[in-house]
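Line order of the protein sequences matches chains A and B.
Per this note's numbering, the very first residue in the first sequence carries number 2; after that it's consecutive.
Per this note's numbering, the very first residue in the second sequence carries number 264; after that it's consecutive.
The set of hints was computed from the structure by calculation and includes no laboratory data.
Do not take every clue at face value.
[Claimed, not checked] Over the 12 Å line for every Cβ pair with chain B, so calculated as not near, a few chain A residues:
no., residue
1, Gly67
2, Met103
3, Leu315
[Said to hold, decoys possible] 30 Å max Cα-Cα, derived DSSO-like pairs, lysine-lysine:
no., chain 1, residue 1, chain 2, residue 2
4, B, Lys626, A, Lys58
5, A, Lys98, A, Lys187
6, B, Lys408, A, Lys147
These numbers come from a predicted model, not from an experiment.
Quick reminder that beta carbons are idealized off the backbone N, C-alpha and C, glycines included.
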Amino acid sequence: MFSFKSSSRLRVLACTAALIAGLSAARAGELTVYSALAKEHFAELIAAFQAKYPDIKVNQLIDSNGPVIARLLAEKANPRADVLLGASVPGLVMLEKQGMLMPYAPAELSEIKERFRDTRSDPPNWVGTDAWASALCFNTAEGEAKGVAEPTGWKDLLKPEYKGMIVMPNPNSSATGLLAIAGWIKLFGEEEAWKYMDGLHENVAQYVHSGSKPCRMAATGEAVIGIAYAAPGVKAINDGAPLSVVIPSEGVGSEVEGVAILAGAHNVDDARKLADFAASREANEIHNKYYALVARKGVSNPVPNYPTGEEAALVEMDFYWVAENRDRILAEWQKRYGSKDAPK
Amino acid sequence: MAAFSTAAAENETGRKPRLAFRHLPETLSLLALALFLAVAILLPVGTLLIKGLQDAEGNFVGLANFVRYFAEPGVSVVFWNSLRIAFISTCLTLLLASLYAFALTHSRMPGRALFRGIALVPLLTPSLLPGIALIYLFGNQGFLKSVLMGNSLYGPIGIVIGEVFFTFPIALMIVSTALSTIDRRLYEASTALRAGSLRRFWTVTFPAMRFGLGAAFFATFTKVFTDFGVPMVIGGSYPVLATDLYQKVIGGFDFQMGAVVGILLFIPAALAFLATHLIQRRRSSEGMGSRAVVHVPEPHGPRDAACLVFCILVAFAILAILVTAVCGSLFKLWPYNLSFSFGNYRFAEYEPSGWGAYLNSLKLASATALAGTAVTFCGAYVLERTRGAGGLRGIIHFLCIVPLAMPGMVLGLSYIFFFNSPGNPLGGIYGTMTILVLSTVVHLYTVPHLTALTALKQIDPGLEAVGQSLKVSQPVTFLRVILPVCLPTILRIASYFFMNAMTTISALVFLYSANTKVATVSVVLLNDNAMLGPAAAMSVLIVATSAGVVALQWLVMRGLLGKTQSWRGGAA
Chain A
2 MFSFKSSSRL RVLACTAALI AGLSAARAGE LTVYSALAKE HFAELIAAFQ AKYPDIKVNQ
62 LIDSNGPVIA RLLAEKANPR ADVLLGASVP GLVMLEKQGM LMPYAPAELS EIKERFRDTR
122 SDPPNWVGTD AWASALCFNT AEGEAKGVAE PTGWKDLLKP EYKGMIVMPN PNSSATGLLA
182 IAGWIKLFGE EEAWKYMDGL HENVAQYVHS GSKPCRMAAT GEAVIGIAYA APGVKAINDG
242 APLSVVIPSE GVGSEVEGVA ILAGAHNVDD ARKLADFAAS REANEIHNKY YALVARKGVS
302 NPVPNYPTGE EAALVEMDFY WVAENRDRIL AEWQKRYGSK DAPK
Chain B
264 MAAFSTAAAE NETGRKPRLA FRHLPETLSL LALALFLAVA ILLPVGTLLI KGLQDAEGNF
324 VGLANFVRYF AEPGVSVVFW NSLRIAFIST CLTLLLASLY AFALTHSRMP GRALFRGIAL
384 VPLLTPSLLP GIALIYLFGN QGFLKSVLMG NSLYGPIGIV IGEVFFTFPI ALMIVSTALS
444 TIDRRLYEAS TALRAGSLRR FWTVTFPAMR FGLGAAFFAT FTKVFTDFGV PMVIGGSYPV
504 LATDLYQKVI GGFDFQMGAV VGILLFIPAA LAFLATHLIQ RRRSSEGMGS RAVVHVPEPH
564 GPRDAACLVF CILVAFAILA ILVTAVCGSL FKLWPYNLSF SFGNYRFAEY EPSGWGAYLN
624 SLKLASATAL AGTAVTFCGA YVLERTRGAG GLRGIIHFLC IVPLAMPGMV LGLSYIFFFN
684 SPGNPLGGIY GTMTILVLST VVHLYTVPHL TALTALKQID PGLEAVGQSL KVSQPVTFLR
744 VILPVCLPTI LRIASYFFMN AMTTISALVF LYSANTKVAT VSVVLLNDNA MLGPAAAMSV
804 LIVATSAGVV ALQWLVMRGL LGKTQSWRGG AA
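Throw the hints in and build the complete structure from the sequences for me.
Written as structure tokens, this is what we have:
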């Protein structure tokens, strides 16, 4: 009957083995990076980083902005990630408030434009990589088939002819959705902005989970108009989709994406290397392939098929205001549109 | 052998004082099993329940979270949405499955085995797959969009169609089992009493399948109510509890509300679970008598023709969904360029984990099959064929059945709360493959456990006693006799674990980490980014793998086991 004892001993062994396996996941030489960047962008950055530091193994987790921040908050007591490479600044500010960021001034910080970094703290809690702005994606082929014209501004979207053709990201999960709303509040004033959204709601077919989905849905004709940002639309145009990216005439809200080291980082040395790299000229040239506006002074190459006039249309945004009012805006949004019944 | 076992029993009662000591190994192994179940089920779920009663800082706030949840405008809508969708889908599924089961068991139409096989195809698919296929068929650019007469697929219509596909085989299996155990003598009696076919249906067929229908209703209802895959893909802006939970936790950082929704998700499942048990208790008293005769239907032209037409339609619909997903994975740039290419299978271009997610799924499924089979079978053995520790057994029995009522999402959420809490010595497994394997084994625990119990009950209880009288220890008897005899069951259990680990999503969506992303999670993320082609491609890969494993299991059962199981033929 000895083996019954040994079977319980085996279970203990198995548990120990599991523990060791779990702990080893966080050993030095491995860097765990969470990111809300577009996938192609992230992949190219990491490839360039690893070309420089071939010994650093990167574990990566990419999702929309909301999920990434949610995961970090969930893991607060028991942190897993070393670096957050690319998250919207309101999200970063939320983490900062919880004391979850480790301030660090990357090498060449002086080369980073003022509005692309945390100026309230020295060393900064986060450093920007790029900025992006709201935009509309319009499927020209479907527009023609349905006989609707390309919209030129936000207010055009209220026209009844667009009923059921518009897709927008849910601000609860997507920074893109929240940005669009923050932009409208900035442009129209809060009261008018909610009135605008009431009207828009009538035309919206779906609120979707991720910020890059609306433009891709427009690219495949699942929607005619996507409210999102330019980058995924530009990518779809370059892939051959019948799409045009519109910068609304009233102006657009913009948001900075940034890098931060997390307070519980297991591998601080390598995390700093990645933060240094993200601020380097090489990395900024990669950011520039996806975004027209990047953090470093003197890097601004035109992105193929990127809409012109984005920088001129930007309205001044207060990230801290957005971060502080996020919960209130989301609760109001949820109350008004959260339980949208079957799409009409 | 009966003589041996009574002899052994007398022997035991005669030596009562040494009993406790003699049963020490059994008691220890039972304790180990109970400890495993406590850590893997009881403590995590307990943590979730407590979390539902705490605020964000961990202070006890009673039912305040529930009050807040129901006070939030539009929230009860989500709950009712879930109930409505589950009810409609279940009724439709039951109707189709009952007719189909009738055709399989009560008609003489040709190709019954083939139709049964086709009906089980959805078991091989992740629930995300019907959603994806339906977008190609009925989406705004779908081939058959006009069928919906201007209604949008995204929302209740899409969810119901997807859920019917997904739950059809489950309902079918339960109902057809009920139908095939109707006593033929009842039909003969009703014919002798000159009952018309309608009267015969109401007095013989329906009463006999009533319990099967009830069980199928609860199984299907629970499945739909807690399913995440279908509404995630084509729910549009129609919120149901499962997607709401995902949104709350993954999107809104709100873990307290997450716990509340998790508990709500658990309630109907728990009720259904209780109801099924009550039904089964009544059923067992009414069950088939030992002299019952299996019903063999007579040929009947019009009935068989109608059955055939119906089955062809249903089978065609099932296959159409599968074929659409395969085609979708091959289209170059849907809907603008429908030439075929394998571009969508170059996953690295769309998702950073690329093929790695698929490889992770294979790892997960293999590890789950190995660990799951070992734990469930050994657990069932210890429970069924050892003596002592009476009270503990009851608790273990109960814990083994609980996972059946536990929605995967609730399990995943409670694992976050439990394993990620700072004081937990097992916290190290959070974020590793180990926690994915553990959660999957627990999520799937009940069916293999019951399968193993049934198989073990069929073996003569005197075997170990015989072994003992020949001075062979129980573990040796287990290895040399019990294991080989149960090999078909063990294989079935292993392939059940493997297949379901490949296709499951619900618990994993909360538990995957940077380097343990699995294929189904990858499908969710691809779909989140509207990358339909690659999402279809990854789903097709999952189906192909599950199908491969089923084929392999069948081959092994037929070939290799012919030798070890030849004794069964003689016994029957």
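*asked:* When the structure is checked against the list of hints, which entries are broken? Sort them ascending.
replied: 1
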